[in-house]
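Build the complex: two chains, separate frames, hints provided.
Respectively, the protein sequence lines represent chains H and S. Take the first sequence: its position 155, counted from the start at 1, is 155 in my numbering, and no numbers get skipped. Take the second sequence: its position 128, counted from the start at 1, is 128 in my numbering, and no numbers get skipped.
Among the clues, some could well be false.
[What the hints assert, rightly or not] Across the chosen pairs, the derived CB separations fall in these ranges: (1) K26/S - F251/H: 54 to 62 Å; (2) S20/S - E174/H: 51 to 59 Å; (3) E174/H - Y33/S: 49 to 57 Å; (4) D123/S - F8/H: 44 to 52 Å; (5) L183/S - V189/H: 30 to 38 Å; (6) F245/H - D9/S: 47 to 55 Å; (7) D179/S - I215/H: 47 to 55 Å.
[As the list claims (entries may be wrong)] Per the computed footprint, the stretches of chain S lying under chain H, defined by three or more beta-carbons under 8 Å from a beta-carbon of chain H, are: (8) 82 to 89; (9) 208 to 220.
Just so you know, the hints here were simulated from the structure itself, not pulled from any lab data. Predicted, not measured: the structure shown is a model, and the values here were computed from it. The C-beta atom is built at its ideal place from N, Cα and C for all residues, glycine as well.
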Amino acid sequence: MSRIFFIFDEIGGALLFLKEILGGLVRRPCRWKDVVDQTWSVTLQSLPTTAMAGFFVGAIMAVQFTLQLRDFGALGYLGGLATSGTIREIGPLLIAFMLSGKVGAFTSAELGTMKVTEQIDAIRCLGADPFQEIIQPRFLGIIISSSLLLGLGLLMSIGGGMFLGGIFAGVTSEEYLRHIPTILAWPSVVLGFFKCLLFALILATICTYKGYMTIGGARGVGRSVVETAVSTMVAIVVMDWVASFLAEIVFTLVRETL
Amino acid sequence: MKQLRHFFDLVARTLFVLSSTPFRMKEFSRQLYFVANGSLPIVLFCVGFAAIVTILEASFHMKLVIQNDSMVPGFAALLILRELGPVVTALLLTSRVGAGFTAEVGLMKTTEQIDALRMLGIDPVQYLVVPRLIATIVGTFLLALLASMTCLLGAMFVTDIHLGYSPAMFLSSMRVFVDFQDLLLAGLKGAVFGAVIPLVSCHFGFLCEEGAEGVGKATTQSVVVSSVSIIVLDFILSYVFSYV
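Okay, chain S solo, but in the shape it has when bound (with noise of 0.2 Å):
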């Protein structure tokens, strides 16, 4: 309870110093660099593998069910669109990123740079949390947007091969399927997470105990519950989104 006391606290002001802080274009760039460029390779190589185990189940199912394939293409694109692109990019983040920033914050904290940053009268929260955030929000947009393109990319290539449909036809069924709102969804859906990530694990950074054994645990405890809000959101928008 003290702990969720704790974090609204910490969204609360970091909302409020956001209003009022200078833009520290620096300092943003670099947190971006982190957390999109670093981060690039490695989603983009899970969700390529993604998208061909995508591709094989739903031919598997679609076989089952209705005893052909040929809309397998819409609906692995709507679901990549939908839900594998965004989700996969959140939680790879989740580890990469977020587990990063509760160590680092941790760490700081831990070695009382924090209480040394307010002794000069800078606002922890301004100086460490305002700039990880903006920098994941626009990170994991963007992520998200590029995971899913390749994602797709990947299912084109494996429906070609394993199912024989040019990148034709997987275009053209998909578009019977997918309209823009679909991608905005997935964007959206990313920068949702992207919020939740830097947050969730400079709250457990703050909170940090000493030593190493305290650094162990809060990056634990921020994976997990970064991890666990973001399927939990996952859920939410998808459910509201599909009244729109």
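Extracted from the complex, chain H is given alone in its bound form (with noise of 0.2 Å):
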């Protein structure tokens, strides 16, 4: 029971945290070369990682596909289905999983440890605020770098696909592109990135608050990285669903009143 208890504590800080995050960027914004700053060393520490699993992602997703439907003589759809379900489903939460162990358990551990060696506490006590001064450029470049990867990673994954296509299916690549249109429509493309924006913000929330709530030194510091990749991954897979659902809902109204 307690642990439960725990869980809806855990929410409910988080949640605080990303209202007095909010806030704080009303009333006190941070500088922007900070923002800049951080969105540049994150984009450019995840780079290479994220590139490479969206091209195995897409890579694996080609396969799979290929074995569904090379039994009902159906490969020249493959190129469409196998970026349709990529770009909507599997694409984003495959990468937001790897980016939640790179850019949060990096920002959490960096603000764990600025916790624990108690460089947050100095900074209040130069009179300045942490929040503008730390949490808010972090949070703002994890968003922007987060969004911006996922969607780089989703472009690799079509690339990976196309690859595995050629090689594995025997589908020459433009016809793995042409039938891309056909099947990716815009609501399809809308939804991943959407889904892309949603997670990076729900990846922003968790490792900061997890980093910023960091409490008793080394140890402390390594609990902290490995709650806050955790908790991403839940909140992303629960997110995942719900805008999945979400989605469903709105596409259908929108079709019905077109």
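The following block contains the structure:
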């Protein structure tokens, strides 16, 4: 029972923290240069891993779809189906998992280290606002760079699917690409990129929250890194469902009104 | 490059020690409890949600291409057994178990407990890595199977509610597509990923630098490297098994 209360406690804490950050952004916005710096460093350090993960996710999906479509002789649809499946669903999910390890764990380790070595208290002592100086730039930087990275990962996944479609299924790249627009309608693309944005927001909130709340030395930093990665993944899976569900409703409504 | 050498050195030593160590039941069951029992609720929870989304998406695509969704259960079951069950489980375990191992071993390294072990004449690989390796392989194997089953069950419920196919229809449609070897493949993938996680995380734990910053950095690296290698290995396994 206490574990359930603990979970609700954490969710509430994270939401209040988010409110604090957003309120702070309105009242005392941080310097734009800090945000750009953060975005640049986060993007740069995660670019290769994300691109690679995206490529392989696309490749995996292409292999799986080939296996299923081959029985029906419908390999022509491979490009459209694999791309659509990857962009709407598997791509954002797996790449966001990846980023929650890379960006989320890194940021919470960094903030946690600052917290346990009392650097955050030092900033407060100097009369500066730690939220404005440290949290806000990271929060914004992570949102911007993660959504960019996720988008890039999705593009890479198309490349991976095309590559594997050529090698494994014998579908040439022209044929692969030609069927993408017939199946991949714009709502799917919107949904995919909306999911990217949503996951980036979750990631930024949880890792700054967990990092800021770290207590207890090196052991505490290790613990908050683990907790960040785990809770981000759970939150991403749940929000993935919520997003898909809402999107279905919204698109049905749009289709009926048109 | 140096890291790679250290990693393969660790793997080789683990394999070498593995054959000659006495099996330490108590430590093994403690680790297995941590890996499998501790991760069970969170894995099943996530996989349940993943099942719902899979069905929704599969039915969307099916309607788009062949204008009917009667084959959704079969396709979804294949996707769940081959990819979703093992990979989602392994990625969750990477962050929970792998990061936990790295933090633990890294702390032992920075507080010089590993040097102390060595001084007592105990091989740290034998003492730390081997029980974790065996426990994670077994734990991930079991969790991957359980996760696939839960995912299928969840998918069954959702098809019943959302698409209106009864569980019986789901099962019979699944029977057409899924063979027994798909289940074996799910378990095998789980076991392979389970071997990757402790090796990578212990490797980064052993290389951990001093202080809180070092522990944080090692944990991050271990999570990243394990998840990338899981995705790459998943691709290789899928590719190889598609020819079987």
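Count the residues of the region 208 to 220 of chain S whose Cβ falls closer than 8 Å to any Cβ of chain H, and tell me whether that reaches three. Since 9 is at least three, the answer is holds.
Between S20/S and E174/H, is the Cβ distance one that fits in 51 to 59 Å? Roughly 57 Å apart at Cβ, these two residues keep to the hinted range, so it holds.
Assessment of proposed distance window 30 to 38 Å (beta carbons of L183/S, V189/H): Cβ of L183/S to Cβ of V189/H: about 35 Å, so the range 30 to 38 Å holds.
Using the Cβ atoms, figure out if E174/H sits within 49 to 57 Å of Y33/S. holds (54 Å)
D179/S and I215/H, beta-carbon distance inside 47 to 55 Å? Holds, since D179/S and I215/H (Cβ atoms, about 51 Å apart) stay within the stated range.
Using the C-beta atoms of D123/S and F8/H, is the stated range 44 to 52 Å upheld? Holds, since D123/S and F8/H (Cβ atoms, about 45 Å apart) stay within the stated range.
Go ahead and decide if the range 47 to 55 Å is satisfied by the Cβ distance of F245/H to D9/S. Since F245/H and D9/S have Cβ atoms about 49 Å apart, the given range 47 to 55 Å holds.
Just to be sure I understand the hint, the distance between the Cβ atoms of K26/S and F251/H should be within 54 to 62 Å; is that true here? holds (55 Å)
Go check the region 82 to 89 of chain S versus chain H for me, would you? Three or more residues, Cβ under 8 Å, otherwise it fails. holds (count 4)
In summary, the structure agrees with every hint in the numbered list given earlier.
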